Structures are given as C-alpha cells and as structure tokens.
Amino acid sequence: MARLIVNRLIQLVFVIVAVSSLLFVLMRASGDPVSVLYGDIDNETRLKLRKELGFDDPLIVQYGRFWGDLLIPKFDARGNLRWFDFGDSLRARRPAMQVVLDNLGNTVQLALVSLVLAVIVGIPLGIFSAITRGLPSVFFMLMALILQSTPSFFLGIILVLIFAVQLRVLPPFGYGTPAHYIMPAICLAAFPMARLARLMRSALLDVMSLDYIRTARAKGLSNSMVIIRHALRNAMIPIVTAIGLDIAFLLSGSVIIENLFAWPGIGRQLVTSTFTRDYNVVQSIVFIIAIWIVAAFLLVDITYKWIDPRIKYD
Amino acid sequence: MASNTMAQVQAIDQPALKKVRVRTFGDRLRRGIFTHAPATISLFVIIFFALVAIFAPLIAPHDPIKVDIIKRLQPPVWQGGLPGYILGTDQMGRDVLSRLIYGTRVSLQVGFFATIISVVLGATLGIIAGFYGGRLDDIIMRLNDMQRAFPFLVLAIAIIAAVGQGLDKLIIVLGVFGWSNYGRFVRGEVLGLREKEFVEAARTIGASNARIMFQHMLPNVTSTLLVLSSFSVAALIIAESSLSFLGLGVPLPTPSWGNMLSDGREYMETAWWLAIFPGIAIGIIVLAVNVLGDRLRDIFDARTTL
Chain A
452 MARLIVNRLI QLVFVIVAVS SLLFVLMRAS GDPVSVLYGD IDNETRLKLR
502 KELGFDDPLI VQYGRFWGDL LIPKFDARGN LRWFDFGDSL RARRPAMQVV
552 LDNLGNTVQL ALVSLVLAVI VGIPLGIFSA ITRGLPSVFF MLMALILQST
602 PSFFLGIILV LIFAVQLRVL PPFGYGTPAH YIMPAICLAA FPMARLARLM
652 RSALLDVMSL DYIRTARAKG LSNSMVIIRH ALRNAMIPIV TAIGLDIAFL
702 LSGSVIIENL FAWPGIGRQL VTSTFTRDYN VVQSIVFIIA IWIVAAFLLV
752 DITYKWIDPR IKYD
Chain B
21 MASNTMAQVQ AIDQPALKKV RVRTFGDRLR RGIFTHAPAT ISLFVIIFFA
71 LVAIFAPLIA PHDPIKVDII KRLQPPVWQG GLPGYILGTD QMGRDVLSRL
121 IYGTRVSLQV GFFATIISVV LGATLGIIAG FYGGRLDDII MRLNDMQRAF
171 PFLVLAIAII AAVGQGLDKL IIVLGVFGWS NYGRFVRGEV LGLREKEFVE
221 AARTIGASNA RIMFQHMLPN VTSTLLVLSS FSVAALIIAE SSLSFLGLGV
271 PLPTPSWGNM LSDGREYMET AWWLAIFPGI AIGIIVLAVN VLGDRLRDIF
321 DARTTL
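Residue numbers (the working numbering), protein chains in the order written: chain A, 452 to 765; chain B, 21 to 326.
Extracted from the complex, chain A is given alone in its bound form (with noise of 0.2 Å):
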C-alpha cells in the first residue's frame, strides 16, 4: 500500500514538473505579457513594468525564480506565509494560488453533485438493461448511446431553451440557490452517466455468462440473490475504474460546462485566465488539477485491492 502511494505521488511529481515547465516555456515564448496584459501602455512604462514584474531576466532566472517561488515556503511584504506560490495572478494583484483556491469550492461542489448523479442513476439502468429484456432496456441503452454522442454544451443549450427560455422553471445561468445547480450538473453528470450504463450493463452480461454463475443457479439460489451476492461483485471491477476516470476528468468537463452556466469555478477562470494571459493564475489550475487527478487514480488503486483482494500490486 505504502508502495502504491510512492508510486502515484512520483507519477504526481513528474506530471507537475512537465506540465508546469511546458507551459512556462511556451508563455514566455509567445509575445511580451506585459503588453498583452496592459494593453496599450507607453513603451516607458512597458518597460518600467517588465522589470518591476520580473520578465526582464534571463529565462533561466525566471525559471529558477519559478521553481524557488514554488517549493520554498516564506513570508511575502504582507507577512503573509507563501507556498505552492506560483507568483501574484497579474489581474487580481493577489497569490494566484489564493484566486484559485477562492474558487475551487464551487467547482468541487458541482463536481461532487454531477458525480453522484451519475452514479445512481447511470448503474442502475445499466444493471436492469442487462438483466431484462424488451423495450424499456433497449430505450435505455439507445438514449445512452446519443447521451454519450452529445456535446454537453450542447445539451446544456437544449436544457436552457427548455427550462429557463420556454417554460422559465430554472434560472439560465448563475450561482447561489438549489435550482442553480439542476442543469449544470445534469450536463456535467450526462457523459459519465451514460457511459456508466453501457458499462455496467455489458460488465454483467459478461458476467453472468461465466460458470461460476451457472453454478449458484444450480445451487437453487434466487435469481436475485445470484445477481447480487454473485455477478454484481465481479462486475463492479470495471465499474469502479470508471467511476474513478470520472472523477478525476470531471474538473476538465467543468471547463466548458462552467463557461456555459457562467458558473463562478475554476473552470471558467481556467478560460479567462486564458483569455487575459493571467498565466500564473493558469499554473495554479493545472496544478490544482493535476493533484485531483493523481489523489482519484489512488483513490481507485485502493478500492481495486479491497473489491478484489487477489489484486498486488508491486
């Protein structure tokens, strides 16, 4: 177990360390921030700015100074401590880490939500579309099938042209009340929960073509009892690295849904940080993503050993 943790934690550090130094290059690379940032400023103050701001160094400074700034905790000119600082979000004139962090709750919040509708809804009809047969289970798996196909920026549309424009039961866009987060997360929910279905359900069908089920049968148990005592253990494997891959994906779903629903996460400040080249604040992100989604593969490595314990890992 120990050995598993070290092993995702090294795969942690190197997914950092590469995202982080790809993306430094490649932002200093393309034009002067500063410009950019200011927009149409004097070449006095431009250059005034560049200095005060730390461009002007050799990109081997800039670069260690990134890396110092990062791993060194220490107390800024506020006396505030500074760690995991990847600089001041060039916008807010704040630790980009903190404008980040401000925001993560909400996503979290509207990850967390879409995931556990997914879950309850998505593994039930893929156990009952295995287990009967006729009309209903084939509607199922067919509405699964283009649930799967859609854009969910375009299902969310669709949602709002029907709830918020014609019927004007819920609120378009926006943040605050219950009712905000209905359509968010159904789009955010609507891939996963397809996806989950179709799995579920041929990970039983499988399942319940191996011997072992025949045997219970022959032993004269229920069918129920056989389904869920036997098969459903055996078939949740599957399920549960995918429910793991949902989890740590959900946050780059969020991006899109987030832009759509003007929902105050990071996922939209991962758009306008883009837009505005607030790069630290654009680090920050991608740091805070890859940790979620490294602690969600170590998540499901765990759950692997404790639903099947034949499982090692060395």
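Honestly, the hints are just simulated from the structure, not real lab data.
Being a predicted model, the structure only gives us computed values, none of them experimental.
Just so it is clear, CB atoms sit at the ideal spot from N, CA and C, and this is done for glycine as well.
Don't take each hint at face value.
To be verified - Some but not every residue of chain B turned toward chain A, in silico, with C-beta under 7 Å:
| no. | residue |
| --- | --- |
| 1 | I177 |
| 2 | Q185 |
| 3 | V306 |
Stated by the list, open to error - Which stretches of chain A does chain B cover? Using the computed rule of at least three CB atoms under 8 Å from a CB of chain B, they are:
| no. | stretch |
| --- | --- |
| 4 | 608 to 615 |
| 5 | 653 to 662 |
| 6 | 720 to 726 |
| 7 | 744 to 758 |
For this one, chain A is given, so just place chain B on it according to the hints.
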C-alpha cells in the same frame, strides 16, 4: 495432446464448416458492416459528411462569411424566413446552412488529421518502447503515464493560451497529445509479439530491427488501432467543437460548429435555429462514428460470429 486436437478437428461437422466462410480481413470487415443496419447507416452518414466537406464550395448556397446585416436573424424557411436561406441566417445575416456546410470541413479535418498524428506517433513510440525495452521503454512509458494523468482539454486550452489559435495549431496540439492510448496499447501488444516464432524467423533471415517492427509486428495491431482511432475521431470532433465553443478553437470568422453554437447561445431567446442545427450536426456525426466504432470492435473480436 496432438491426437486430441486432431479429434477435435474431425469432430467439426460439415454445416459448422460452411458457416466459417469469412476468410480474409477485408471479407470479415465488409460482411460485419453490411449485415448490421446501424453500422451501414453510420458508414453512409460519415461518407455523406466527408463529401459535404470536400465539395463545400460547390454545395453551399451562399458565402459563409459574407455579412449582410439587413438579412440578419431570419428564421428557417418553414418558419417564414427568406427563400433561399433554408436554415435561416445568423446575427450578421450569414446563411446558417452554408456555415454548417463549411463547418463540416473544420470538424472532419481536425478529427481525421489529428487522429492520424496520434496514431502514427503513438504506434511508433509504442513499438519502440515494446521492442527495445529497457531504459527507452521506461522513459516513453513515464511520459505516457504522465500524459494520461492530465486532461486533454485543459492541456489544450493552456497550450493554445500560449501558442495562439489556428486550425493547424489545433490539429497539431490535439494530435500530439492524443498519442498516449495508442502508445500504451501498441507497446503491450509488441511485448507479446516479441517472443513469437515469426519474429524469430524474420531475424534469422536477416531482417533489420526497423523491418521487423514495421513490416512484421505492425500489421498485427492494425485492426485494434482502427477501432481505437474510430473512437478518437469522435472524441476529437467533440474536443474541437468544445474549444471553438469556448472561443479557443479556429479563429473567427472561419465557421465551425463549435463557434456557431457559441454565437447561438447569445441569441437563444429569439433565434433558436442558430444553436440547434450545429448541435444536431455534431450529434449525428459523433453518433455515427461511435456506432461504427462499436461495430468494428465486435468485428475484430474473434469471439463474435458474423
């Protein structure tokens, strides 16, 4: 052991032998698709979109980027719009149908070319990692792990933030960062193939490493690569439209389904047709590619009888 196998072979009766008529790869492929109605329809849908993309200038009734403010926000013809503008016009008076037709080009180009980049890159790195093993394998697979642990879309957004927008940049960024699945898969297969007799035989007759890798091993993985790439075409079409929707895809005024949707969002209350048609177009092509991909997977699965 040997006599046992012989007995089994003889035990196969005549009718069963007749059923196993599908012989070559191409036979199995053709038969698998054309005996399956959804896959056949999907194939024709894809061909249709491809033709639309290729012949866009001939088909489109209007210039997709010509602004004509007087004709702005006209509804589709059956809702009382202007004749000649079948699906209506957008907020700048541009013909929605023509923009939809030209938008096909962007989506299909990204889907097709980015997939090719991913497959070539992934297959090459995967073969090299699996074939040579050791240090090289470690490095390539580390890189692979790293990339799989990072969301494609976020990476694409961050890189586009740095390098700027453009169709070519979009294709390269999406293509280069799509290699990881192929790399992983091909490496796994090559590890198994490395010990096979035919590789040994090729080596004995003096084939070079490159020849063994690309002439002898690669053909063994092409069918699965085809299945994987069909799903990635679908994912890439969605990725392109997502980026364009966010305003980070192809630069304006080039029409793409994603940026049409994004425009449509602003006029949702008054002009539903702006958002609905491009959305349906994306849905149809992605659904067709997914259905065909599902079928290809079944066809290449030896357990499926056709």
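I'd like to know which numbered hints this structure contradicts. Please list them from smallest to largest. Hint check: 2 and 5 fail, others pass.
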